[in-house]
Amino acid sequence: MDALLQFVFSGLTVGAVYALVALGFTIIYNASDVVNFAQGEFVMLGGMITWFGHDAGLPLMLAAALAIAVTTAVGVALNKFAIEPARGAPVVSLIIITIGASILIRGATQLIFDKQIHRYPAFTGENPIEVMGATILPQSLWVIGGAVAVFVALWLFFSRTLMGKAVLATANNRLAAQLVGINTNWVMTLSFGLSAAIGALAGVLVTPITLISYDVGVALALKGFAGAMLGGMGNPKGALVGGLALGLLEALTAGYLSSQYKDAVAFIVILAVLFVMPQGLFGKTSADRV
Amino acid sequence: MSKWLQLAILAALIAALPLLFPSGYYYRIGALVFVNALAVIGLAILIGQAGQISLGHAGFAGIGAYSCALGPEWLGLHPALSLLAGAALSGVTALLIGRPILRLRGYYLAVATLGFGILVAMVIQNERALTGGPDGMAVAELGLRDLLRDLGWRIGGGEFWYAVSGIVLILGAWIALNIFDSPTGRAMRALHGSEVAARTVGIDVASYKLKAFVISAVYASVSGSLLALQNRYITPDVAGFLHSIELVTMTVLGGAGSIMGAVFGAAILTILPQVLTALADYEQLVLGAIMIVVMIFMPQGLLPYISRRLRRTGK
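Those protein sequence lines, which keep their order, are chains A and B. All the letters of the first sequence, read from the start, carry residue numbers 1 to 290 under full-length UniProt numbering. All the letters of the second sequence, read from the start, carry residue numbers 1 to 315 under full-length UniProt numbering.
A few of these clues could be false.
Per the computed footprint, the stretches of chain A lying under chain B, defined by three or more beta-carbons under 8 Å from a beta-carbon of chain B, are [as the list claims (entries may be wrong)]:
1) 84 to 90
2) 104 to 115
3) 253 to 267
No wet-lab data here; the hints were simulated from the structure. Every residue, glycine too, gets a C-beta built ideally from N, C-alpha and C.
This is chain B alone, in the form it adopts within the complex:
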């Protein structure tokens, strides 16, 4: 699928879905899907394109989220600037830890990134004076809605955040698709295929791995910031181990490496718990079973599996 077709489908979906929403609650779920999808697109670059795993990206989401909470509270920074500051902080952090960490491969890389994520979560939990500890803390209002109201355009919180997250998601997808198509994207796919082969054709493997890591960290950070801003409240769970696992599962579930797969994976794993609220006790059971079954029977992910199935029946 061409870049513009993918973006057009995504935009059309985001614009048309509200027509089907029976209540305002659905806008919140939609916004949540978009926010998760944004982080998952970042991971699609890291896992799907460059072939490097991270079990610690919730750490970057945590940095983004708490930047938006702490910036306005302690530094008097505007929430929007805090989002950018958080993204910059995440990018720099990824740059610093990425060099040594990305020398590792496979399980070692998984555990090293996991350790990083858990350290971030631990600092957020333990520095009570600053972050409110496990209870979390309130987040300042973005203020854009008040501005719109002054301009005479009244919009509800749910609809507003649905629109903002949707627009940021499309923006994120556009940037990611450009990266896929660029020499950088091709270099990432080459080193995914074989690091040695990539090196022999002159690709600086370490630097492209690092690029993928930093880019994905910034995506995760912005996703965390948006989550904090729309919930107006944030707890350390955003940086927790389980959130990291959720993000990776979303990435691989939909089909790592494609934008549509990322959005699809995020949508399934975000909506599923909402559907299962009646069966809350079974949530973990079902999540675990899905992870195992999809990985065994559809190792390429759900979306490639479905499209292959469709093509076969079409013939």
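Next up, chain A with everything else stripped away, as it sits in the complex:
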């Protein structure tokens, strides 16, 4: 029982990171129908830049804020210089563009910083908290809390603000949105910036637990995507639940079956979801227009 609880804690921590990546995917996918394979690099940038700032003597919170700001700028630049010029391109081209962007960001990071593994101290102490025989790190609570806070903020944004509704309108029909006076270019910029900021936040929060290096992005992007797909593409609630569920499945697999094959879980989940219920847990079934 203690062991199970322990696995659940570690699963929720990793799952919260996947959920944040999945939420980032969802925002961009909703606004532009682009699946951004560079999403994991935002997480990496968040962690790496925070480490760099903290190492250079900045207070941790300032370094974190700097990391989120810089990553947001990278996200906006990605949209401006790689996605916008390729509007209307076939899916294969967009996949290659965002994968190219992820390789580019990784290459630049390794040049500007280094190839080492880094960490910085946890926000509120390193002593594990005991809960019913299992332990949880205070930083894990930060990560899980962060994911929930981002989800709530996004939900409020999309349902209560005019700006959020403009994003949803653009997602629904770009031309119609333009006709009613929505600046769809600004919506795209906003989506990429927001998505990058959320990714960076995930990196900032989780680095004290999982450490960071320039090459962690690909795996995170794939797992975040698996989470988003499990929950149903384009649905923020699905992204949150899917991400957390994937984290839990991984932790339980590592604990009870095989730690070597825990990374396989994400892909088996992807394949299973695609075959059995392609619309995911919360997704809507869609019909194709000919």
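Since the structure of chain A is provided, determine the placement of chain B on it from the hints.
Below, chain B without anything else, positioned relative to chain A:
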């Protein structure tokens, strides 16, 4: 360009290039280009003709490569037979997973194939007892060179593999060009244009997608096998995610759908890292930038772009 002209140009290039080689090292690069080009021709059928994406074809290259490594080691199979066994295994695997996977489209298909590729790489990495894990394993000698030596024809390893990969590439190009010209090729292009339209004229869309998938898997597998045989050593990287991405990028970079484009794309992305070895730290930066720039400004690929440019200046 007609089929025979394309094959003749390809053969002439392969035969004439060694005249320009200043050292034996260039034969190795050439062989590497041919091996990659073979897998890329397979993907040109899948992506360029049938319009289906796969981000997991390195998985099939991995199956081919490790068949050549494991066959002789554990089953006592001759390396050449292992190559064929690997190709058969890849074909059957593609047949089995292709049915459900190819129902998906666009991003979903991309991610499903990607998942397959990563699962293959993971099995190779984790089954240390069998595959040596991340350290890789040695591959048996093909033995053909010894046979040639006994017949009185001494040929260096570099030259030998340059010739073998070149011949297999021409063979592969010939088969692919025949497929392009056949009813199968036309059906694939039709479903690429519009699945619904293709279905209304009586094309069994699912079965042609599956054909393209299986054929491309066999190409990737043979490419992986040749790589293993000529390097005499193989690591799980051959099945890795990055290799899959490289293959797709080569396909689209040169101009998906044509043999010359496939060879051109493979040549650029294989030679570039060799040229950039002095700037090894910049390799990823440059690769990423190329992928983005080509896709934005030359969405049809480099070769069609260049030939269009040439034609325009010619007028």
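Results of checking the hints against the structure:
1. 84 to 90: It holds, with 4 qualifying residues against the three required.
2. 104 to 115: As far as the stretch 104 to 115 of chain A goes, the hint holds, because 7 residues have Cβ atoms under 8 Å from chain B.
3. 253 to 267: holds (count 6)
Going down the numbered hints, you'll see the structure goes against none, and every one checks out.
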